[in-house]
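1 is the number of the first residue of the sequence shown in our numbering; add one for each residue after it.
Treat the hints with care, as some may be off.
To be verified - Straight-line alpha carbon distances no greater than 20 Å define the calculated EDC-like cross-link-like pairs of lysine to aspartate or glutamate that follow: (1) Lys-47 <-> Asp-59; (2) Lys-2 <-> Asp-59; (3) Lys-2 <-> Asp-48; (4) Lys-47 <-> Glu-16; (5) Lys-37 <-> Asp-8; (6) Lys-47 <-> Asp-28; (7) Lys-37 <-> Glu-16; (8) Lys-37 <-> Asp-9; (9) Lys-2 <-> Glu-54; (10) Lys-37 <-> Asp-59; (11) Lys-2 <-> Asp-28.
Stated by the list, open to error - Here are the computed distance ranges between Cβ atoms for each label pair: (12) Glu-54 <-> Ile-6: 24 to 32 Å; (13) Asn-4 <-> Pro-36: 15 to 23 Å; (14) Ser-22 <-> Leu-43: 12 to 20 Å; (15) Gln-5 <-> Pro-50: 25 to 33 Å; (16) Asp-59 <-> Ser-22: 13 to 21 Å; (17) Leu-46 <-> Lys-2: 26 to 34 Å; (18) Asp-48 <-> Thr-26: 16 to 24 Å; (19) Ala-13 <-> Ala-51: 15 to 23 Å; (20) Leu-24 <-> Asn-3: 12 to 20 Å; (21) Asp-9 <-> Ser-30: 28 to 36 Å.
Treat the hints as calculated values from the structure; they're not laboratory data. Everything numeric in this text was worked out from a predicted model, so none of it was measured. Where is the CB? At the ideal position from N, CA and C, for every residue including glycine.
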Amino acid sequence: MKNNQIGDDVAIAFGEALQVNSTLGTLDLSYCGITPKGAHHILDSLKDNPALTELQFGD
């Protein structure tokens, strides 16, 4: 997903999808236009998700 300007709205929807994820192990959301609001929603969705072991944010 790196370098895709998805922003917070898509990040929030992505977070909802991650709640039921059982296979995705790595996700790079660098340079995606996600603010702390969107990042917080994604991180909250991963509390009970052991599948994702690597997550990257950054600009």
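* Asked: Which of the listed hints are broken here?
  -> As far as the earlier hints go, 1, 3, 12, 16, 17, 21 are violated by this structure, in ascending order.
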